[in-house]
Each structure stands twice: as C-alpha cells, then as structure tokens.
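**Student:** Chain by chain, the residues:
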Amino acid sequence: MSHSWSRQVAIAGIGESDLGLVPDKDPMQLHAQAAKRALEDCGLKNTDVDGVLTTGTANRLILMHSVLFAEHVGIRPRFTTSMQIGGATIIQMVISAANAIHCGMADVVLIASADSIRSFVGYGELMSIIGEGITELYSKIGHSQFECPYGPTLISTYALAATRHMHEYGTTHEQLAQVAVSIRKHASMHPDAQKREPLTVEDVLSSKMISWPLTKDMCSIISDGGAALVVTSAERARDLKKKPVLLLGAGARTMQEHVTLVDDLVGTAAADAGRQAYEMAGLGPKDMHFAQFYDCFSITPILFLEDFDFCEKGDGGRFVEGGKRIEIGGEIPIVTHGGCHAHCHPGLPSGIFHITEAVKQLRGEVGGARQVKNARVGLVTGLGGHFSCHTALILGTD
Amino acid sequence: MPEYLKPMPVPDHITETFWAAARQHKLLIQQCRDCGRNQFFPQSSCRACLSENLEWVEASGSGKVYSYTIIHRPPSASFEEDAPYTVALVELGEGVRMMSNIIEIEPDQVRVGMPVHVVFEDISPTISLPKFRPAAT
Ligand SMILES: [Zn+2]
Numbered sequence: 001m002s003h004s005w006s007r008q009v010a011i012a013g014i015g016e017s018d019l020g021l022v023p024d025k026d027p028m029q030l031h032a033q034a035a036k037r038a039l040e041d042c043g044l045k046n047t048d049v050d051g052v053l054t055t056g057t058a059n060r061l062i063l064m065h066s067v068l069f070a071e072h073v074g075i076r077p078r079f080t081t082s083m084q085i086g087g088a089t090i091i092q093m094v095i096s097a098a099n100a101i102h103c104g105m106a107d108v109v110l111i112a113s114a115d116s117i118r119s120f121v122g123y124g125e126l127m128s129i130i131g132e133g134i135t136e137l138y139s140k141i142g143h144s145q146f147e148c149p150y151g152p153t154l155i156s157t158y159a160l161a162a163t164r165h166m167h168e169y170g171t172t173h174e175q176l177a178q179v180a181v182s183i184r185k186h187a188s189m190h191p192d193a194q195k196r197e198p199l200t201v202e203d204v205l206s207s208k209m210i211s212w213p214l215t216k217d218m219c220s221i222i223s224d225g226g227a228a229l230v231v232t233s234a235e236r237a238r239d240l241k242k243k244p245v246l247l248l249g250a251g252a253r254t255m256q257e258h259v260t261l262v263d264d265l266v267g268t269a270a271a272d273a274g275r276q277a278y279e280m281a282g283l284g285p286k287d288m289h290f291a292q293f294y295d296c297f298s299i300t301p302i303l304f305l306e307d308f309d310f311c312e313k314g315d316g317g318r319f320v321e322g323g324k325r326i327e328i329g330g331e332i333p334i335v336t337h338g339g340c341h342a343h344c345h346p347g348l349p350s351g352i353f354h355i356t357e358a359v360k361q362l363r364g365e366v367g368g369a370r371q372v373k374n375a376r377v378g379l380v381t382g383l384g385g386h387f388s389c390h391t392a393l394i395l396g397t398d
Numbered sequence: 001m002p003e004y005l006k007p008m009p010v011p012d013h014i015t016e017t018f019w020a021a022a023r024q025h026k027l028l029i030q031q032c033r034d035c036g037r038n039q040f041f042p043q044s045s046c047r048a049c050l051s052e053n054l055e056w057v058e059a060s061g062s063g064k065v066y067s068y069t070i071i072h073r074p075p076s077a078s079f080e081e082d083a084p085y086t087v088a089l090v091e092l093g094e095g096v097r098m099m100s101n102i103i104e105i106e107p108d109q110v111r112v113g114m115p116v117h118v119v120f121e122d123i124s125p126t127i128s129l130p131k132f133r134p135a136a137t
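Which chain is which? The protein sequence lines are A and B, in order.
Residue numbering for the first sequence follows the working numbering, starting at 1 and increasing by one per position.
Residue numbering for the second sequence follows the working numbering, starting at 1 and increasing by one per position.
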C-alpha cells in the first residue's frame with residue numbers, strides 16, 4: 001500500500017525563539033515567540049493555522065499542552081496533540097503533520113517545541129519535583145528495580161554503545177573527540193550558537209570525565225529556547241513568502257524502552273528508518289548534501305554515518321578521523337549548526353534546530369562559511385531515549 | 001547495617017518471587033512455557049509471544065560483559081562515595097542481558113567479553129542485589 005506524500009508537503013516557515021540563556025521567558029513565551037516568527041517567515045496568520053503539535057515541556061505535568069499553547073496563540077485547530085518520543089519526536093511530528101495534511105484533516109500545521117531547562121523560568125513549585133536540575137531528572141530514567149539500583153545515567157546508555165563500538169571496531173577516544181571538535185567548528189561559525197570557542201581533540205579528551213569513555217565535551221549542553229515550523233501542502237507553500245522546502249521522504253522505527261533490552265548497541269534501528277526514508281524519496285546517501293544527525297552524544301554521529309549508509313558498519317570512527325569528511329566542504333557535512341553539542345539543547349525540543357538548520361541551508365539563507373554550497377537535498381535524523389526511537393527525514397528543494 | 005540511601009528495589013506482585021530468591025542468593029529468570037524463550041527483566045507476560053504462561057528458572061549466574069561504562073558523575077549524591085564505578089550489561093549464559101555493577105575489580109581493569117559470575121550484596125534485611133565479579137579462572 002502506498003499513498004506517499006513525497007514532494008506534496010512542505011515546510012513553509014521556520015522561526016527560532018531567543019536561544020541559549022533566556023532568563024526572562026518561560027516555556028510558553030518561548031513557544032509563542034518561535035510561533036510568531038515562523039508565521040511571519042512564511043506570511044501566514046495564526047487564524048490560517050488549523051493543526052497544532054507540541055512536545056510539552058520537561059515537567060510533563062501540563063496535561064493537554066498543545067491545547068494550552070493553541071489557546072495562547074489564538075488558534076482553534078482541527079488537528080492537535082502533544083507527542084513524546086524523546087529526541088525522535090520532532091521528525092515524528094513532521095510526519096504526523098504531513099499525514100494530516102495529505103488526508104485533508106488539516107491545511108496548515110504549526111509545530112512548536114521549546115523549554116527552559118537552563119533557567120527554569122516559570123517552573124515555580126515544580127522545581128521541588130525536578131530537584132537539582134534537568135540532569136538529575138533525566139538520570140532517574142530507567143527500570144526502577146533492574147536498572148536504577150546500579151546507578152546508571154542517560155549518558156551511560158551512550159557510553160555503553162561507545163565502549164562496545166570501540167571493542168568491536170577499534171574506534172578510538174580520539175575519533176570520538178573529533179566528532180565534538182568538528183561540530184564545535186560549525187558552531188563557531190554560527191552567531192546564535194551557545195558554545196563557539198574552537199576545541200581541539202586534546203581539549204575534548206581532557207574535559208571532565210562523565211561516563212567513560214564519554215567526557216563532558218562529548219555530551220549535550222543545557223539551554224533555553226525552542227523553535228516552530230509551519231507545514232502545509234507543497235501547492236499552498238508555493239504561494240507563500242519563502243521557497244518551499246519539500247518533504248521528500250521519511251521513516252521511523254521504535255525498538256525498546258530500556259537499554260537492558262537493546263538488541264545491538266552498535267547497529268541501531270536508525271538503519272531501518274533510513275531505508276524507509278531513502279526509498280520514499282527515491283534517493284540514497286550519495287545524493288545527500290548534508291546530514292543533520294541527532295548528536296546528543298559524540299558516539300551517535302559515528303553510528304549514524306554507518307546506519308544511514310555513508311560508510312560500512314564499523315568504519316564510522318575512521319570516517320570522522322581528522323574531521324575533513326564531516327565538515328562543511330567535505331564529503332558529507334554533519335550537524336552544520338552545532339547541534340546538541342554546541343548550538344542549543346533545551347532537552348526534548350532540541351531536534352527542531354536540526355530541521356530549522358536544514359531548511360536554512362536548503363534556502364541558501366545561512367550564507368558565509370557555514371553555508372553548504374548548492375545544498376538542494378539533505379538528511380535530518382532523530383533519536384529518542386535509550387536507542388529507543390529512530391526517525392529520519394529527507395528534505396529538498398526539488 | 002548502615003542506612004542504605006541508593007535506590008532500593010521495591011518488589012511488586014510480578015517480581016516478589018525474583019527478590020525472594022535473590023535473598024537466598026539465587027538468580028532467577030523467566031522462561032516462557034509456550035515459546036521457550038528466556039526473559040529478563042521479568043514482567044507479567046512474554047515479550048515475544050505475549051503468553052502469561054511463564055515459569056521461573058534458576059540461572060547459572062555465569063555470563064560475559066557485553067559492554068560497560070565507568071561512571072564518574074553519578075545520577076545522585078548517594079552514589080558519590082562509589083564513583084568511579086562500573087555499570088555493565090552482562091550477557092548471561094542463558095542468553096539474556098542484565099544491567100549490573102562489576103565489583104571486586106578496579107573499573108579500568110574491566111574488559112568487554114570478560115567472564116563474570118553473580119554475587120549478591122545484602123543491602124537491606126529483605127533485599128539482596130545481584131552484582132557481578134570476575135569469574136574465577
Ligand atoms: Zn513466549
């Protein structure tokens with residue numbers, strides 16, 4: 001059965017809120033600011049929108065978050081819900097928006113996701129539940145009887161994958177560090193990135209050890225901020241202000257929740273999401289001009305280079321060595337905005353910047369040294385939980 | 001016994017058999033009577049065939065380190081005195097994996113593939129936590 005919406009649905013508008021350290025805006029203000037900017041970007045009004053998707057915020061105590069947000073920005077949607085599959089959510093939302101648009105259940109879908117996990121503005125009494133901060137909250141994720149008693153963290157899931165990859169394929173600490181170095185190099189060219197000082201492999205390796213073999217510089221930063229996307233039919237998008245960025249293909253696969261039950265820590269189900277996306281787009285890895293891999297920890301771009309078929313399984317570490325092949329101007333530039341490592345990581349919403357960056361690259365709006373020359377098609381990936389949820393999206397201008 | 005401040009497993013109606021056996025220093029896993037598959041961690045039904053016809057079988061307690069990490073920044077203050085400590089996924093001889101700590105060895109001496117054997121730590125009058133140490137060679 002195939003009722004593909006490939007090339008029939010587009011991202012028409014994007015907007016980013018204030019990013020990084022935003023001590024004067026609560027999560028709803030960040031959502032509203034991003035939404036206003038996304039609507040202005042494409043020239044639509046709130047009253048043109050009839051679909052609203054949000055992720056909710058870290059406290060997760062707001063029931064019907066998308067409804068609260070829709071009320072806040074004066075939208076009465078036909079299609080609305082909040083979704084939560086970790087760092088895979090944003091692409092899953094784009095897929096859901098396309099489905100709704102393609103089958104006539106919505107004409108214009110506004111996707112918004114933002115949070116305040118650095119400043120915790122507006123969290124009030126919820127701070128007593130969250131405790132020390134977001135890292136404390138995330139570290140409580142795990143099986144209460146069969147994982148948490150051993151003291152794992154969310155980071156340790158990714159460290160377990162890194163250790164296994166090093167064992168099976170000879171991947172080195174230096175190669176892991178290079179991922180962080182190359183991503184930081186891209187962030188250093190981005191005026192809005194939170195961390196812009198260039199790094200060396202030595203710097204990364206000597207930063208604080210968090211969960212061996214992962215050091216602090218191989219992990220996500222903590223930020224405030226968010227963004228919004230306006231999704232509509234390609235036909236309607238052609239009449240709006242900006243060049244439409246078409247959805248060419250998409251794919252998704254969810255495996256398990258707990259890291260204890262991961263089948264293969266070094267061969268992820270991202271490969272399955274990728275196959276679906278390539279097939280739907282009628283394209284392959286050689287056609288991609290960039291890859292905005294979800295980069296929560298430095299091991300994931302190495303796994304994704306393999307799983308999305310840019311190199312053989314096991315060669316990811318060697319592929320990134322020296323950085324040239326994954327940097328702008330190289331074979332497949334990755335995470336060109338600086339990603340979760342250096343641009344902005346407000347937790348769950350952070351994958352939305354991988355999409356706004358892809359859109360800017362494809363419109364040619366980035367400019368300067370960070371612009372991927374003649375970028376016409378690119379890959380964006382999402383990853384949620386403990387290698388739990390994998391999503392892939394291929395965007396293009398033709 | 002000094003007060004135990006780390007997360008303490010709270011047995012429920014599904015896992016009480018597991019924890020009662022652990023108190024006797026026996027490691028139980030589930031086996032599906034319908035499809036034959038071994039299962040860990042335990043739950044009310046088989047994750048492969050959805051059968052509720054599960055039985056408890058005693059595992060040999062022998063396994064190998066599938067992967068590990070050395071935690072320098074623990075999830076909460078209660079683990080700080082242990083850091084750096086090893087969190088590992090151990091693949092048991094029965095084919096299932098468990099998360100655990102590898103103890104009685106310096107963390108930097110742990111290796112992927114290393115044979116390990118279960119050892120129980122009595123952390124409260126009712127709870128013994130299965131951990132692993134290098135297997136005697
Ligand atoms: Zn079964």
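Any given hint could turn out to be false.
[Said to hold, decoys possible] Derived contacts from chain B toward chain A, CB cut-off under 10 Å, selection only:
no.: 1; residue: F18
no.: 2; residue: R47
no.: 3; residue: S67
no.: 4; residue: H72
no.: 5; residue: R73
no.: 6; residue: S100
no.: 7; residue: I105
no.: 8; residue: D108
no.: 9; residue: V112
no.: 10; residue: K131
[Claimed, not checked] Once the Cα atoms are required to be at most 25 Å apart in a straight line, the calculated BS3-like pairs of lysine-lysine come out as:
no.: 11; chain 1: A; residue 1: K241; chain 2: A; residue 2: K286
no.: 12; chain 1: B; residue 1: K6; chain 2: A; residue 2: K313
no.: 13; chain 1: B; residue 1: K64; chain 2: A; residue 2: K208
no.: 14; chain 1: A; residue 1: K195; chain 2: A; residue 2: K216
no.: 15; chain 1: A; residue 1: K208; chain 2: A; residue 2: K185
no.: 16; chain 1: A; residue 1: K324; chain 2: A; residue 2: K286
[What the hints assert, rightly or not] Derived CB-CB ranges, DEER-like:
no.: 17; chain 1: A; residue 1: E257; chain 2: B; residue 2: R37; range: 16 to 26 Å
no.: 18; chain 1: A; residue 1: G267; chain 2: B; residue 2: R37; range: 15 to 25 Å
no.: 19; chain 1: B; residue 1: E106; chain 2: A; residue 2: M105; range: 51 to 61 Å
Simulated from the structure, these hints should not be mistaken for lab results.
Ideal Cβ placement from N, Cα and C applies to all residues, glycine included.
**Student:** Would you mind marking each hint as holding or not holding in the structure?
**Tutor:** Here is what the structure says about each hint:
For F18 (chain B), the interface hint holds, since its Cβ comes within 10 Å of a Cβ in chain A; the closest pair sits about 8 Å apart. Here the hint on R47 (chain B) is kept, as its CB sits about 8 Å from the closest CB of chain A, short of 10 Å. With 10 Å as the threshold, the beta carbon of S67 (chain B) comes within range of chain A, its nearest partner Cβ sitting at about 4 Å, so the hint holds. This hint holds: H72 (chain B) has a C-beta 4 Å from the nearest C-beta of chain A, less than the 10 Å allowed.
With a least beta-carbon distance of about 5 Å to chain A, the hint placing R73 (chain B) at the interface is held under the 10 Å criterion. For S100 (chain B), the shortest C-beta to C-beta distance to chain A is roughly 6 Å, which falls under 10 Å, so the interface hint holds. Using the Cβ-Cβ criterion of 10 Å, the hint placing I105 (chain B) at the interface with chain A is not satisfied: the shortest such distance is roughly 15 Å. Because the closest C-beta pair between D108 (chain B) and chain A is about 8 Å apart, less than 10 Å, the hint holds.
Checking V112 (chain B) against chain A: minimum C-beta separation of about 4 Å stays under 10 Å; hint holds. Given the 10 Å rule on beta carbons, the hint for K131 (chain B) holds: about 8 Å separates it from the nearest Cβ of chain A. In summary, the hint linking K241 (chain A) to K286 (chain A) is not supported, as the alpha carbons are separated by about 31 Å, beyond the 25 Å threshold. About 39 Å separates the Cα atoms of K6 (chain B) and K313 (chain A), which puts this hinted pair outside 25 Å; it is violated.
A distance of roughly 29 Å separates the Cα atoms of K64 (chain B) and K208 (chain A); the hinted pair therefore is violated under the 25 Å criterion. Pair hint K195 (chain A) plus K216 (chain A) holds up; C-alpha atoms about 13 Å apart against a cutoff of 25 Å. Only pairs whose Cα atoms come within 25 Å are accepted, and K208 (chain A) paired with K185 (chain A) is accepted, the gap being roughly 20 Å. Restraint check for K324 (chain A) and K286 (chain A): the C-alpha separation of about 17 Å stays at or below 25 Å, so the hint holds.
Between E257 (chain A) and R37 (chain B) the beta carbon distance is about 19 Å. The supplied range of 16 to 26 Å therefore holds. For the hinted restraint 15 to 25 Å between G267 (chain A) and R37 (chain B), the CB-CB distance of approximately 21 Å keeps it satisfied. As the Cβ distance of E106 (chain B) to M105 (chain A) is approximately 59 Å, the hint placing it in 51 to 61 Å holds.
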